[in-house]
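Q: These protein sequence lines are chains C and S, in that order.
The opening residue of the first sequence carries number 2 in our numbering; numbering runs sequentially from there.
The opening residue of the second sequence carries number 2 in our numbering; numbering runs sequentially from there.
Please keep in mind that the hints were generated in silico from the structure rather than gathered at the bench.
Careful: at least some of the hints might be erroneous.
Note: identical chains are not told apart, hence a pair may lie in one copy or across any two.
Said to hold, decoys possible - Derived pair list, reagent style BS3-like, types lysine-lysine, alpha-carbon separation capped at 25 Å:
id : residue 1 : residue 2
1  : Lys-149   : Lys-255
2  : Lys-92    : Lys-139
3  : Lys-149   : Lys-42
4  : Lys-21    : Lys-201
5  : Lys-205   : Lys-139
6  : Lys-255   : Lys-86
7  : Lys-21    : Lys-100
8  : Lys-21    : Lys-174
9  : Lys-174   : Lys-215
10 : Lys-255   : Lys-104
11 : Lys-21    : Lys-255
12 : Lys-201   : Lys-92
13 : Lys-149   : Lys-139
14 : Lys-41    : Lys-237
15 : Lys-104   : Lys-149
16 : Lys-215   : Lys-21
17 : Lys-100   : Lys-149
Only a predicted model underlies this, so the values are computations on that prediction, with no experimental measurement involved.
Number of protein chains: 2
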Amino acid sequence: MIDRNDVSSVRSAIRRGEWKSPTAGLVPGNVQTNLAILPKKDAFDFLLFALRNPQACPIIDVTDPGSPYLDRVAPGADVRTDLPKYRIYRKGVLEAEVKSIEKYWQDDLVAFLIGCSFTFEHALMEAGIPIRHIEEGKNAPMYVTNRKCVPAGIFHGPLVVSMRPIPNDMVVKAVQITARFPRVHGAPVHLGNPSELGIKDISKIDFGDSVTVKDGEVPVFWACGVTPQAVAMSVKPDLMITHAPGHMFITDLKDQDLVL
Amino acid sequence: MIDRNDVSSVRSAIRRGEWKSPTAGLVPGNVQTNLAILPKKDAFDFLLFALRNPQACPIIDVTDPGSPYLDRVAPGADVRTDLPKYRIYRKGVLEAEVKSIEKYWQDDLVAFLIGCSFTFEHALMEAGIPIRHIEEGKNAPMYVTNRKCVPAGIFHGPLVVSMRPIPNDMVVKAVQITARFPRVHGAPVHLGNPSELGIKDISKIDFGDSVTVKDGEVPVFWACGVTPQAVAMSVKPDLMITHAPGHMFITDLKDQDLVL
């Protein structure tokens, strides 16, 4: 019996392999994160890349090389077993999708927990601002933009953004609310004309799903946590392990811990 | 002729060796930073340490290994020549104090620019809040506390704080103002009773100078940029280069660029 509101119950169900689905909606109010794991030889460059592009890659935690433990954000948690699904990439090619990475673990691996938009979407909804892709039961629409990330070592590439259509009279509030959460992407990077980001057709998404933009709504664009994965993938590191899309790590941190 | 309000003029005077003094008061409104340089083999741990202790070690910029250029915060600047005075430490022992580090530069060195309190002191004074050590022509009083930093790899040690006595009716304003500047230490870590930080006698400083605390003033404590240097020094890395106290790097960033 899994108590979906209790982080220990959910985490142990995930660890035992009993919860295999996406994590959206689990343990409401707790911070969920993206995961990227790289060998130490690539970790310094990746960490620099994250620091130089904090809106796209807000760092929630980084493990000591070789240590799978996440005691600063989730005492007792183990990054090898406590996400429902992982992806193993070798030289940028997807090799496997697995429920545990114990057999892939190496003593030089560094795990990066990266902020995800669930936290700010929760805050937007609490303020009465609708989130279209949730209403439509879809993933957020994501676009590769014409903006370059600040490069770091081997890592370089374009900024990826997610888009949420916001009713005109709620745009200011949406900016204010998300600006309070810089560790989960923060304020929008752009609002209004998609072509300023090099997006010619808002219905043509690069990742996720297309959503309806209604009359009187403004497309609002936030830096997206897919950016570091897309960038890392294009660099084709020897080994990179990520969460499977939607299958996030659930921390013990509360959304409110991330408010400025 | 040095124009003290012009960053190019000041920087080139420093580069030519014509300005050899502390940098306080130069180019008002521009962000000045602490400097720590380490070989790449220690840089990942140091960067992790900084990330895990952001109040003590707010990162303003980190260079690519071997690159002395600081184009993201000061286009055209060179970290080897553009501070007025440096300290060279080998295994934690001060070996030399020099005006340029060109002859010490190695292609594996990584430079960390770390936020310094000048920015928030400027903001406090603009709001009419007095800064006692400036009034008394001294350095800020600094104390080693009983709080441990979050360790990272080889780096571990206590939090060092600076103290400013603030008139009781201005304490709330001082908290609010400094909280807006998380990249230069941010909100206080403590205010009131010094013994809660393990400080038995406020007149006994560990670094800097003792200052007067008047009746009706509250001692307010901020995380201090001396922390990462003190921690790194105790670890005795093979080579560490820092700014000499008070001889900071002056960036092209404006104080207002760091406001949340």
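Q: Taking each numbered hint in turn, which are not upheld by the structure, reported in ascending numerical order?
A: 2, 4, 8, 10, 12, 13, 15, 16 and 17
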